[in-house]
Amino acid sequence: MIDAVAAIREVLLADAALVVKVGDRVYLQRLPEGHDFDNQAVVLTIRGGSTDLYVPFIRPSVQFQCWGKDTIDAQETYRLLHDALHDKSRVAVGSGFLVYAFEEVHGQNLIDPDSKRPYVVAMFRAILRKD
Numbered sequence: 001m002i003d004a005v006a007a008i009r010e011v012l013l014a015d016a017a018l019v020v021k022v023g024d025r026v027y028l029q030r031l032p033e034g035h036d037f038d039n040q041a042v043v044l045t046i047r048g049g050s051t052d053l054y055v056p057f058i059r060p061s062v063q064f065q066c067w068g069k070d071t072i073d074a075q076e077t078y079r080l081l082h083d084a085l086h087d088k089s090r091v092a093v094g095s096g097f098l099v100y101a102f103e104e105v106h107g108q109n110l111i112d113p114d115s116k117r118p119y120v121v122a123m124f125r126a127i128l129r130k131d
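Letter 124 of the sequence shown, counting from 1, is numbered 124 in our numbering, and no numbers are missing.
These are calculated hints, taken from the structure and not from any lab test. Please note that a few of the clues may not be correct.
[Said to hold, decoys possible] Cross-link-like lysine-lysine pairs, in silico, DSSO-like; alpha carbons within 27 Å at most:
1. 69 with 130
2. 116 with 21
3. 69 with 116
4. 130 with 88
[To be verified] Just the calculated beta-carbon pair ranges, DEER-fashion:
5. 123 with 97: 18 to 28 Å
6. 76 with 102: 34 to 44 Å
7. 17 with 52: 26 to 36 Å
All C-beta atoms, glycine included, are put in the ideal place defined by N, C-alpha and C.
Build out the structure end to end from the sequences listed, making use of the hints.
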C-alpha cells in the first residue's frame, strides 16, 4: 500500500508558492515542540478513508491545520495549501501516484486552546495508488 502521508507531503513540498512560505514545515499530527509561531506551517492528519476491493486505490480523508503568526498568515497558509492540492490530479510521487485530490470541507478559522494561536482547519480527500 502507498504511504499516504509521504505522498501528500511530497505533493505539497513540490509546490513552489507553498514552499516559499512554509519551507519544509509540513508536519504529521502536531507542531513540533518549540515551534516558532512566526513561521507558517502545515500539519496533516489522516482522519480515515476507504479502499476498494477491486481497484488498487486508497482514499484517505486528510485534515490540515494551517498555521501562521496571526489569522491573516494562517489564512494565507490555507489558501496556498488549497492551491497546491485542490483539483490536483495525475501526479507521480516517490511511493506511487496521486490520482486526484479535492477539498471536502472549506477552511475554518480556529484558535488553539493550548497555545492561544490562530490556525485554519480544512479537510481534503485524496485518491492514491501504488506504482
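Hint by hint, here is what the structure shows:
| no. | hint | result |
| --- | --- | --- |
| 1 | 69 with 130 | violated, 37 Å |
| 2 | 116 with 21 | holds, 21 Å |
| 3 | 69 with 116 | holds, 11 Å |
| 4 | 130 with 88 | holds, 17 Å |
| 5 | 123 with 97: 18 to 28 Å | holds, 22 Å |
| 6 | 76 with 102: 34 to 44 Å | violated, 21 Å |
| 7 | 17 with 52: 26 to 36 Å | holds, 33 Å |
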